[in-house]
Amino acid sequence: MLDALDTPGVHHALYAVGSMALFSIGLYGLLTRRHLLKIFMSLAIMEMAVYLLFIGLTTQPGRTAPILSDGLVEFAGTADPVPQALTLTALVIALAVLALGVSMSIRYHQLTGTTDVETMSALKDP
Amino acid sequence: MDQILLQSPLLTPTPIWLIALPLLVAFLSPLWGRARWPLLFGVHLGLFALALWLLAGVQDGPLIETLVIAPPLGIHLHADAVSLLLVALLTFAVALVAAFLWQGARAPHWQSRQAFVLIMLLSAGCNGMLLTGDLFNLYVFIEIAGVSAYLLSALRRDAAALEAGLKYLIIGAVSAVFILFATVLTYITTGTLNLAAIGMAFADIPAAMQILIGLLLLVGLGIKAELFPFNVWVPEIYRGSDPEASALFSGVVVKAFLFVLFNLVFLILADPAVVGRWLMILGGVTMVIAELTALRQRDLRRMLAYSSLGQVGLITLALGFAETTVVAGGLFHLVNHTLAKLLLFMVAALMLSRASSGHLDALTGIARRLPLAAGLFVLGSLSMLGLPPLAGFMSKLWIMAGFAEAGVFWPIALILLGALLEAAYFFRWIALFYRPVPAPRLASDPVGLPTASSAVTWPLLVLAVLLIGFGLAPVLLEPALNLAAEVLLDRSGAIEAVMGVRP
Amino acid sequence: MSRAAPHPVRISARLMLVVCGWLFLLQVAVILLTLGQTATETVGDGLLARTMETGAANAVTAVVVSFRGFDTLGEVTVLFLAATGIGLLFSARPERTGTNTGPGSLDEGLAEGNPPVPTMAAPPPERVLSQPNEILANGIRLIYPVLLLFGVYVVVHGHLSPGGGFQGGVIIATAFMLRMLADPSFVLPPIVIAVLESFSGSGFVLFGLIGLVLAGTFLGNVLPHSAASTGLLVSAGVIPLIYILVGIKVGAEVGAIFQDMLEHHPHQEH
Amino acid sequence: MTALIALTLFVWMIGGALFAVRQTDLLQAIIGLSLLSLGAVGQFFLLQAPDVALTEAAIGVAAGTFVLLMALRQMGRDESADPSHDQRDQRDQRGESHP
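Protein chains in written order, with this note's numbering: chain G, 1 to 126; chain X, 1 to 503; chain D, 1 to 270; chain B, 1 to 99.
Keep in mind that the hints were calculated from the coordinates and are not lab data.
Nothing here was measured: the structure is a model prediction, and the numbers come from that model.
Here a beta-carbon is modelled for each residue, glycine too, at the ideal position from N, C-alpha and C.
Ranges of calculated distance between the beta carbons of each label pair, as one might list FRET restraints:
(1) X:Ser492 with D:Leu26: 31 to 41 Å
(2) D:Leu35 with X:Trp278: 27 to 37 Å
(3) X:Ala203 with D:Pro145: 53 to 63 Å
Generate coordinates for the entire structure from the input sequences, incorporating the hints supplied.
What follows is the structure, given as structure tokens:
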């Protein structure tokens, strides 16, 4: 009976709803939180949701990983490798941007003692 | 296309060099030592020449360079009359900024190896954005250009610069998430990432999804291309960054993003008319609001930032009309705005090196101390607001003539209103620069400054000559611009060049 | 500078909740409506059909390093930029701190002779990583070579099994990070990092250019890569070589990022 | 069966994400984020993407968390510890987290 759930439709709907829920939580955090670290964390949640949506919706249940091993000799019935490859790339880029943003925040905090985006106002019109 | 590739690739340079060479030079940066600035200048001059050389070869059709595996499976570079024209413009602009920094930047943060790497990779990222024919590859290059820009604006590492860098990084990361989301949805629905293949498949996906993808891309690219209402962050970034960095943002990065936005609109949408109308409205609103706000600015860099936003709005207004004459005029204005804004920001850099701040009061009477710089500022602002015989006049005239020919008059009224507002605030600043000041205030002139050599002015003079030259003889650029506009609007030609079939 | 009217956190938080919920429903509705019409034939299928040509047993690696190697080049560039920028941020004390006027660009020389401007800056961070206890230090010393070896294994087998340059590089960097935590005197010399990142980055581009000359396309596979050798360690032509370069690059960059964030005392710029 | 596992992991991840966004103690928020990443590792394994799962484990769980923890060491654990927050804001935020 549980196997009846394992249709592409159910899977994809599950991943659509789940990852969009994560995306919305991230967006909510982005819009309401003011601490710099919280903003970067919210962005990380949004990115995670996008990756999950990507791989979730392009993989059909029952496929195998796109790797030849254990006697497999051809790529038949394997998952789509392109979303996985793109997600790899995007993950590393996201780490780079996160590390850079956090470093800037640390430096900014050392200089001014501020961690709040809304009080960063040195550049506003006097 | 294969016959191009089968010739010896070293003898016939291919578009990949426009991206690979800056990457290579940047990776090898520890080797260059003191020769960094001449190298940056030389490499960009070389890339400029290469872009012009390639531009001469794409008069009849785009040059498609396959990377590893032929499109639509793999990534390809799509070099055509419009993307190469912009590559030429942007590499030229970076070369001039490099020359300016080479001669003029005495501040330690501009002398560092990192500054060299950042500018080099900023240019590589922009070239990649202009040339790539693949949606995800576009995202990667947007990140390269973006990360270099965040770091350039934080380069000075004091609180103001770090604040600018952080704000730029946060807004840029948000925009990148939206662009990535749109890319993902596109792959899910069309199964491809090649822009031409997407162009063929896009009309078949459900309308709701088309709108969602379009909105995500509009938000993502609108943030980066500084369109209303996604541009509130711009003036703060420009104020916190050094003017040299702002010159690169306004003159180079924004132009690349404008091209990306319109290239996607024209290439992917089977009928760009509706979206084009919306973009025109967006552009018009951007222009009017920015020019009105610029009137109230009391800081030189913020004023220039708002003026830049106004011009971006004008260019969007023209390109959104999707009609050859007006688009050619819009591209002409894009060229002129890059030249004039580079001039204005570099003059601002010179002025700020002599004044205590960029505030109105601090700059009063600066013309006595920097007569040449003030004169060039006048020239640049006159071109910006469109006074004959300068280039800005010709491009605005061109755009308005195109609109009049098509019988659409509200953009003309908006452009004239914008020019009026620009005249108001630029003349206010110019009058201020030339106001005579009592002696005690001049005495506060900082002394003991390591003066920049007078060679620092020659990039500015080049820009001034070009502004006058293009104003007097727009015919120099006319064939290239007309061709570029046709190519930009010719969706089926671009798709056919990649896919081999007409849509 | 006076702050604007107090931020009405509560109202705006509720409003944002409504906005996000509405967007959530909208996105889910659009995606669910589209689910029946997702692409049946994707680029991935075409690439899978041609993966055998590369001789790589891991199709994801074939896509990452070969078919979409240009993306990967861009990606290591972003990492390089981030490491460069973080090195810059932590390299030396900026001369001046926050002023409202934002100093001009060319006048930095002005500030050199002046006494430091007192600011509202926080006290310098205590850089006490409390002395690690003996068990932790010994445990890390024990695990460190194993982790390094594992990282190298993951890099080298990237074309055969899950993993590759990124994963292995990050594992190696994590090994360094643990070692730094256990043993504060352990440092990656900046010069070594600089050499490694230059070597691997330019090596990647050079592989691309060699491919351009010999195979006709940038990043073309110029070494023998017969399908028959699929599954062997030496197979797939340049793919493992490029992935090793990526591993070195990622290891060096992420290691440098970790090191910069761990120790905040300024080190020399070069 | 996989659908149920995926559902469980999603509940886990959404819990982690809510924790990361709502918790005012930043250390706990970071732990919430790494729980989310851990859930994502499981999801990627389930989706036949071992490469991505390995990367997510190395980058999301280890490196990303480390980077955030380093920032925490500098900036303090308390989200509302910023001196520029006024009392009213703090009260409001507390009120908002217990509706």
